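A.B. asks: Chains A and B, in that order, give the protein sequences.
Note that the UniProt record's numbering has the first sequence beginning at 1, numbered continuously upward.
Note that the UniProt record's numbering has the second sequence beginning at 1, numbered continuously upward.
No lab work stands behind these hints: they were computed from the structure.
Treat the hints with care, since some could be wrong.
As the list claims (entries may be wrong) - With a straight-line Cα cutoff of 20 Å, these simulated EDC-like cross-link-like pairs (lysine to aspartate or glutamate) come out: (1) B/K399 - A/E373; (2) A/K53 - B/D109; (3) A/K53 - B/E368; (4) B/K70 - B/E119; (5) B/K370 - A/E26; (6) B/K53 - A/E26; (7) A/K370 - B/E368; (8) B/K452 - B/D492; (9) B/K53 - A/E320; (10) B/K67 - B/D114; (11) A/K153 - B/E373; (12) B/K341 - B/E368; (13) B/K260 - A/E187; (14) A/K53 - B/D36; (15) B/K153 - A/E320; (16) B/K97 - B/D36; (17) A/K260 - B/E187; (18) A/K370 - B/D492; (19) A/K398 - A/D371.
To be verified - Label pairs and their calculated CB-CB ranges: (20) A/E119 - B/R331: 23 to 31 Å; (21) A/T205 - B/A2: 57 to 65 Å; (22) B/N270 - A/H68: 37 to 45 Å; (23) B/D492 - A/E60: 34 to 42 Å; (24) A/F80 - B/D402: 54 to 62 Å; (25) B/D109 - A/L25: 53 to 61 Å; (26) B/K350 - A/G264: 47 to 55 Å; (27) A/P136 - B/V366: 33 to 41 Å.
Every value quoted in this text rests on a predicted model; they were computed, and no experiment measured them.
Yeah, the Cβ is synthetic: ideal placement off N, Cα and C, and Gly gets one too.
Protein chains: 2
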Amino acid sequence: MAQNVAIYDTTLRDGTQAENFNLSLEDKLRITLKFDELGIDFVEGGWPGSNPKDVEYFKEIRKYELKHTKVTAFGSTRLFANPAEQDGNLNALIAAKTPGITIFGKTWDIHVHDALRIELADNLLIIEESLKYLRPHVQYLTYDAEHFFDGFKANPEYAYATLDRAIAGGADCLALCETNGGTLPTELSAIIDAVKAHLKAKKSTIQFGIHAHNDSECAVANSLIAVSMGATQVQGTANGFGERCGNANLTSIMPALALKMGYGFTAAPNLHRLTEVSHFVSELANLSPNKYQPYVGQSAFAHKGGIHVSAVQRNPLTYEHMVPEKVGNVRRVLISDLSGKSNVLVKAKKMGLDLDSKDPVVSAIVKELKDLENQGFQYEGAEASFELLMRRAMGTPKKYFDLHGFRVMSQKTPDGVLQEEATIRLAVGGEEVHTAALGNGPVNALDKSLRKALTRFYPNLKEMELRDYKVRVLASEHGTEARVRVLIESRDQDSMWGTVGVSPDIIEASWQALVDSITYKLMKDEQNRK
Amino acid sequence: MAQNVAIYDTTLRDGTQAENFNLSLEDKLRITLKFDELGIDFVEGGWPGSNPKDVEYFKEIRKYELKHTKVTAFGSTRLFANPAEQDGNLNALIAAKTPGITIFGKTWDIHVHDALRIELADNLLIIEESLKYLRPHVQYLTYDAEHFFDGFKANPEYAYATLDRAIAGGADCLALCETNGGTLPTELSAIIDAVKAHLKAKKSTIQFGIHAHNDSECAVANSLIAVSMGATQVQGTANGFGERCGNANLTSIMPALALKMGYGFTAAPNLHRLTEVSHFVSELANLSPNKYQPYVGQSAFAHKGGIHVSAVQRNPLTYEHMVPEKVGNVRRVLISDLSGKSNVLVKAKKMGLDLDSKDPVVSAIVKELKDLENQGFQYEGAEASFELLMRRAMGTPKKYFDLHGFRVMSQKTPDGVLQEEATIRLAVGGEEVHTAALGNGPVNALDKSLRKALTRFYPNLKEMELRDYKVRVLASEHGTEARVRVLIESRDQDSMWGTVGVSPDIIEASWQALVDSITYKLMKDEQNRK
Numbered sequence: 001m002a003q004n005v006a007i008y009d010t011t012l013r014d015g016t017q018a019e020n021f022n023l024s025l026e027d028k029l030r031i032t033l034k035f036d037e038l039g040i041d042f043v044e045g046g047w048p049g050s051n052p053k054d055v056e057y058f059k060e061i062r063k064y065e066l067k068h069t070k071v072t073a074f075g076s077t078r079l080f081a082n083p084a085e086q087d088g089n090l091n092a093l094i095a096a097k098t099p100g101i102t103i104f105g106k107t108w109d110i111h112v113h114d115a116l117r118i119e120l121a122d123n124l125l126i127i128e129e130s131l132k133y134l135r136p137h138v139q140y141l142t143y144d145a146e147h148f149f150d151g152f153k154a155n156p157e158y159a160y161a162t163l164d165r166a167i168a169g170g171a172d173c174l175a176l177c178e179t180n181g182g183t184l185p186t187e188l189s190a191i192i193d194a195v196k197a198h199l200k201a202k203k204s205t206i207q208f209g210i211h212a213h214n215d216s217e218c219a220v221a222n223s224l225i226a227v228s229m230g231a232t233q234v235q236g237t238a239n240g241f242g243e244r245c246g247n248a249n250l251t252s253i254m255p256a257l258a259l260k261m262g263y264g265f266t267a268a269p270n271l272h273r274l275t276e277v278s279h280f281v282s283e284l285a286n287l288s289p290n291k292y293q294p295y296v297g298q299s300a301f302a303h304k305g306g307i308h309v310s311a312v313q314r315n316p317l318t319y320e321h322m323v324p325e326k327v328g329n330v331r332r333v334l335i336s337d338l339s340g341k342s343n344v345l346v347k348a349k350k351m352g353l354d355l356d357s358k359d360p361v362v363s364a365i366v367k368e369l370k371d372l373e374n375q376g377f378q379y380e381g382a383e384a385s386f387e388l389l390m391r392r393a394m395g396t397p398k399k400y401f402d403l404h405g406f407r408v409m410s411q412k413t414p415d416g417v418l419q420e421e422a423t424i425r426l427a428v429g430g431e432e433v434h435t436a437a438l439g440n441g442p443v444n445a446l447d448k449s450l451r452k453a454l455t456r457f458y459p460n461l462k463e464m465e466l467r468d469y470k471v472r473v474l475a476s477e478h479g480t481e482a483r484v485r486v487l488i489e490s491r492d493q494d495s496m497w498g499t500v501g502v503s504p505d506i507i508e509a510s511w512q513a514l515v516d517s518i519t520y521k522l523m524k525d526e527q528n529r530k
Numbered sequence: 001m002a003q004n005v006a007i008y009d010t011t012l013r014d015g016t017q018a019e020n021f022n023l024s025l026e027d028k029l030r031i032t033l034k035f036d037e038l039g040i041d042f043v044e045g046g047w048p049g050s051n052p053k054d055v056e057y058f059k060e061i062r063k064y065e066l067k068h069t070k071v072t073a074f075g076s077t078r079l080f081a082n083p084a085e086q087d088g089n090l091n092a093l094i095a096a097k098t099p100g101i102t103i104f105g106k107t108w109d110i111h112v113h114d115a116l117r118i119e120l121a122d123n124l125l126i127i128e129e130s131l132k133y134l135r136p137h138v139q140y141l142t143y144d145a146e147h148f149f150d151g152f153k154a155n156p157e158y159a160y161a162t163l164d165r166a167i168a169g170g171a172d173c174l175a176l177c178e179t180n181g182g183t184l185p186t187e188l189s190a191i192i193d194a195v196k197a198h199l200k201a202k203k204s205t206i207q208f209g210i211h212a213h214n215d216s217e218c219a220v221a222n223s224l225i226a227v228s229m230g231a232t233q234v235q236g237t238a239n240g241f242g243e244r245c246g247n248a249n250l251t252s253i254m255p256a257l258a259l260k261m262g263y264g265f266t267a268a269p270n271l272h273r274l275t276e277v278s279h280f281v282s283e284l285a286n287l288s289p290n291k292y293q294p295y296v297g298q299s300a301f302a303h304k305g306g307i308h309v310s311a312v313q314r315n316p317l318t319y320e321h322m323v324p325e326k327v328g329n330v331r332r333v334l335i336s337d338l339s340g341k342s343n344v345l346v347k348a349k350k351m352g353l354d355l356d357s358k359d360p361v362v363s364a365i366v367k368e369l370k371d372l373e374n375q376g377f378q379y380e381g382a383e384a385s386f387e388l389l390m391r392r393a394m395g396t397p398k399k400y401f402d403l404h405g406f407r408v409m410s411q412k413t414p415d416g417v418l419q420e421e422a423t424i425r426l427a428v429g430g431e432e433v434h435t436a437a438l439g440n441g442p443v444n445a446l447d448k449s450l451r452k453a454l455t456r457f458y459p460n461l462k463e464m465e466l467r468d469y470k471v472r473v474l475a476s477e478h479g480t481e482a483r484v485r486v487l488i489e490s491r492d493q494d495s496m497w498g499t500v501g502v503s504p505d506i507i508e509a510s511w512q513a514l515v516d517s518i519t520y521k522l523m524k525d526e527q528n529r530k
């Protein structure tokens with residue numbers, strides 16, 4: 001398919017302006033390589049003139065050979081006081097030695113007066129001169145017309161003039177920036193039409209792009225509309241990370257362009273990896289992925305309502321706007337308040353349990369489920385605990401040990417050192433063990449002592465490890481007395497499973513999830529031996 | 001201003017299809033009253049035919065006198081097998097005794113065949129007959145044309161026919177439903193134009209509405225475009241809660257319609273309460289509000305980048321698309337990785353600290369901040385810990401007690417009972433106390449023993465309480481050894497404050513946040529006494 005639009009990612013620059021979104025140098029390098037694998041056309045890596053971490057990034061990224069991505073350095077027009085060749089910011093861009101450079105300049109007269117505090121004519125001058133100075137040093141030069149839409153609404157003639165000077169300066173592309181995110185789709189197209197008319201009148205064939213923000217929750221729509229009107233560069237970030245309410249979400253824009261609108265770009269054939277890449281970025285930023293996120297969210301193809309579930313079983317098209325696998329996502333059927341028998345049966349089948357809808361066990365499970373959910377249990381991330389619940393209702397599985405008691409002690413000495421110790425007494429088939437372990441926190445100490453005690457009897461527990469431990473406070477009105485939900489994710493060489501525990505006491509909630517996790521591992525191995 | 005569009009909220013019905021979004025009967029009643037205060041025109045309360053909890057809701061809500069809101073019951077067209085007067089679902093709608101009823105019917109031929117499994121003509125029949133039967137019993141009757149846009153793309157003539165029969169059945173409004181959320185703004189308007197032309201040709205003056213889902217991240221844009229094309233009813237949910245990726249977000253649609261597009265509706269003059277109402281719904285559902293949410297999110301008017309901060313100081317318009325107070329939100333300046341001195345100075349001023357940008361203390365604070373943030377500290381929700389950090393850098397505040405040590409013990413007996421006890425030794429002005437307390441979990445026990453020890457010396461601690469206790473696991477790769485961040489929110493009669501602690505050990509992290517919280521309270525009271 002023809003390559004008729006370029007994907008320009010600014011997660012590493014504009015994205016890091018987001019609250020709670022911080023990336024280390026290492027993270028930025030790994031994300032760049034991941035985007036190159038996916039086939040992103042431009043990766044804006046940072047602002048070398050403003051941030052030493054970014055200078056470091058450009059030095060490091062040059063050591064890697066990228067298959068496709070054009071790494072791009074971002075910066076502002078020169079200071080009016082400086083001649084271009086003496087402007088630190090412009091020279092930092094050249095020093096970054098990137099195939100792409102993007103320069104932003106002011107479009108909006110109030111910015112020229114209030115932010116730069118210079119004359120309108122002087123702003124036009126620094127736009128043209130900054131670009132002219134950079135032009136010979138770079139392969140692809142983008143001009144970001146900051147606040148273009150607000151500037152246009154305030155003073156269209158001046159907005160045009162800034163574009164004209166960027167063209168004169170030698171820009172390859174004019175990115176129209178909807179910086180404050182306030183422009184609605186109902187006003188956007190008229191402005192783009194006017195710009196196209198202006199460029200036509202000037203007989204300019206320069207390409208234009210779109211850079212939108214999500215303050216009106218319209219960034220994706222505005223970007224798609226702009227591309228449909230001829231924009232050939234679309235700027236945004238992974239998962240829409242960005243200042244305030246975020247940038248245009250490329251994770252939603254790319255599948256719409258490729259799978260719904262028929263546009264071509266290098267990443268288009270790789271969108272079956274979109275979910276993986278989206279979660280990769282969230283994990284490196286240590287943010288849990290947004291489960292409601294379009295296309296890639298855990299809930300994006302999840303079905304809860306009873307009717308939906310049965311309809312989707314018959315024909316997925318009925319309640320899904322696309323095939324989840326095309327973006328690397330999967331269909332999920334949720335266990336929940338609304339869950340009727342049909343949901344439970346679907347789940348059972350997935351677990352290889354053969355249940356009949358008339359079997360009284362099914363109603364019993366649905367009832368127990370509702371009770372547990374009222375206590376705050378959630379099985380959406382704890383399939384293993386749910387399977388154990390079902391199997392217990394069906395009389396299996398066996399109990400692998402009897403707890404006689406445990407004790408967890410945290411002691412802080414006057415010198416401020418805190419130490420945890422857990423002791424546990426349990427019996428397997430009549431034989432009792434009494435062990436102790438130190439730990440890094442009370443739950444870790446308990447976890448270690450429990451495994452130490454059980455590994456004697458079940459050596460295969462050595463294969464499993466706890467991968468993730470999440471705590472959520474349920475009712476927020478009781479301070480430290482609130483109920484907590486603990487979610488534990490475990491894995492061994494061939495699978496991963498989640499378990500859950502709920503209690504006002506974090507030790508008790510963790511204990512429940514730990515015991516479920518170990519029980520699940522032992523049960524799974526027994527079945528595999530069969 | 002003329003009332004030219006009706007706001008139709010389905011948080012209580014379609015919204016509750018969202019994963020992790022569950023509301024009790026009590027919650028649903030409280031939300032209805034809150035929406036009535038705000039001036040929402042229609043509140044779709046539930047589906048009495050499908051859910052006993054909803055029958056209860058309609059019985060209860062009738063006991064309240066609402067100022068403005070038309071409570072609406074939702075249901076499907078009758079089963080083909082039943083005559084209307086014997087259809088349980090339709091009679092449940094009548095029994096709900098609501099001023100509004102909304103019936104959904106099938107538009108899309110594959111649904112008629114695969115979901116209903118009846119003939120196309122039979123579907124037309126049940127649409128008309130169901131509406132005719134309900135018409136005399138209700139003040140406002142809406143027809144939800146389910147999957148209208150997908151149905152239209154597949155078979156426009158049949159889609160028109162379903163609308164014609166809904167008109168014949170006596171509907172007041174035809175809500176065009178974008179049920180699967182797959183239709184893009186670039187295709188929506190052509191379909192709406194065609195529908196308008198069809199209605200015109202039929203000489204029908206019936207009103208039409210829009211019901212959009214967010215699977216393509218375009219629900220808000222699609223809704224705004226539809227209203228701009230003449231839709232007089234816009235359906236959606238608070239915060240966009242809803243199945244999969246959510247429904248159209250009324251919390252973003254209302255401010256755009258009223259404050260940007262100039263439409264009139266009853267809630268328009270009350271939008272300064274929008275943030276309050278948005279958070280109210282999240283809190284009742286026990287979900288933490290989405291901080292990046294447009295208009296009402298904590299980050300929606302937050303500024304992180306150094307330049308932005310100084311520009312916003314001079315002229316808020318430069319980086320804000322609207323005045324935050326119009327939607328009940330506020331501007332925030334963030335302390336963060338990118339935070340330069342200017343951010344710190346702004347914060348200091350807010351705290352009444354008079355700092356000079358040349359004061360070496362400022363650079364010291366910025367440096368300490370970066371170190372702590374690298375350890376995982378976040379001050380965005382912990383202003384009190386940040387103030388203490390600043391004051392410590394400036395030599396205040398004094399130390400209110402010396403810790404000699406504490407011990408927290410969790411003991412589980414063979415009968416499964418878990419009990420926590422904390423003992424603590426500390427001294428105030430040379431006088432030592434040694435106390436103990438039982439608690440509901442280790443942190444709660446520690447909290448109680450600490451207060452017990454200190455209240456003897458500082459009786460004003462009785463006025464404060466812990467309101468919220470949040471735990472976040474930072475690095476997710478080390479199971480129970482991961483670092484945790486604890487956020488504590490405290491309050492007394494006249495203020496609220498947040499404090500933070502970080503450690504691989506939840507006891508240690510909690511201890512840090514507890515001590516900051518108490519220190520802040522004591523310092524605050526001292527200053528007020530001055």
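A.B. asks: All hints are to be evaluated individually against the structure, with a verdict given for each.
C.D. replies: Do the hints match the structure? See the list:
1. A hinted pair counts as satisfied when its Cα atoms are at most 20 Å apart, and B/K399 with A/E373 does not qualify at roughly 45 Å.
2. Only pairs whose Cα atoms come within 20 Å are accepted, and A/K53 paired with B/D109 is rejected, the gap being roughly 57 Å.
3. With a C-alpha separation of about 17 Å, the suggested pairing of A/K53 with B/E368 holds against the 20 Å cut-off.
4. Restraint check for B/K70 and B/E119: the C-alpha separation of about 35 Å exceeds 20 Å, so the hint is violated.
5. Between B/K370 and A/E26 the CA atoms are separated by roughly 17 Å; this keeps the pair inside 20 Å, and the hint holds.
6. Only pairs whose Cα atoms come within 20 Å are accepted, and B/K53 paired with A/E26 is rejected, the gap being roughly 52 Å.
7. Between A/K370 and B/E368 the CA atoms are separated by roughly 49 Å; this puts the pair beyond 20 Å, and the hint is violated.
8. Note on B/K452 and B/D492: the hinted pairing holds, with a Cα-Cα distance of about 17 Å set against a maximum of 20 Å.
9. Between B/K53 and A/E320, the direct Cα distance comes to roughly 28 Å. Violation of the 20 Å bound is thereby established for this hinted pair.
10. With a C-alpha separation of about 43 Å, the suggested pair B/K67 and B/D114 falls outside the 20 Å cut-off, and the hint is violated.
11. At most 20 Å may separate the alpha-carbon atoms for a hinted pair to count; A/K153 and B/E373 exceed this at roughly 40 Å.
12. With a C-alpha separation of about 12 Å, the suggested pair B/K341 and B/E368 falls inside the 20 Å cut-off, and the hint holds.
13. Proximity of B/K260 to A/E187 is assessed by CA-CA distance (about 10 Å); at most 20 Å being required, the pair is judged to hold.
14. The straight-line distance between the Cα atoms of A/K53 and B/D36 is roughly 51 Å, outside the 20 Å bound, and the hint therefore fails.
15. Taken as a hint, the B/K153 and A/E320 pair is honoured in the structure, with Cα atoms around 15 Å apart against an allowance of 20 Å.
16. Distance check on the hinted pair: B/K97 and B/D36 sit about 18 Å apart at the alpha-carbon level, within 20 Å; holds.
17. Our distance criterion of 20 Å between C-alpha atoms is met by A/K260 and B/E187, whose separation comes to about 10 Å.
18. Note on A/K370 and B/D492: the hinted pairing is violated, with a Cα-Cα distance of about 37 Å set against a maximum of 20 Å.
19. The straight-line distance between the Cα atoms of A/K398 and A/D371 is roughly 23 Å, outside the 20 Å bound, and the hint therefore fails.
20. Range check, A/E119 to B/R331: about 29 Å between beta-carbon atoms, so the 23 to 31 Å window is met.
21. Separated by about 46 Å at the C-beta atoms, A/T205 and B/A2 break the suggested range of 57 to 65 Å.
22. Between B/N270 and A/H68 the C-beta distance comes to about 51 Å, which lies outside the given range of 37 to 45 Å.
23. At roughly 50 Å, the beta carbons of B/D492 and A/E60 sit outside the given window of 34 to 42 Å.
24. About 58 Å separates the C-beta atoms of A/F80 and B/D402, a value consistent with the hinted range of 54 to 62 Å.
25. Under the hint 53 to 61 Å, the C-beta atoms of B/D109 and A/L25, about 56 Å apart, fit the expected range.
26. Checked against the given bound of 47 to 55 Å, the beta carbons of B/K350 and A/G264, roughly 51 Å apart, stay inside it.
27. For the hinted restraint 33 to 41 Å between A/P136 and B/V366, the CB-CB distance of approximately 38 Å keeps it satisfied.
Comparing the model with each earlier hint shows violations of hints 1, 2, 4, 6, 7, 9, 10, 11, 14, 18, 19, 21, 22, 23; every other hint is respected.
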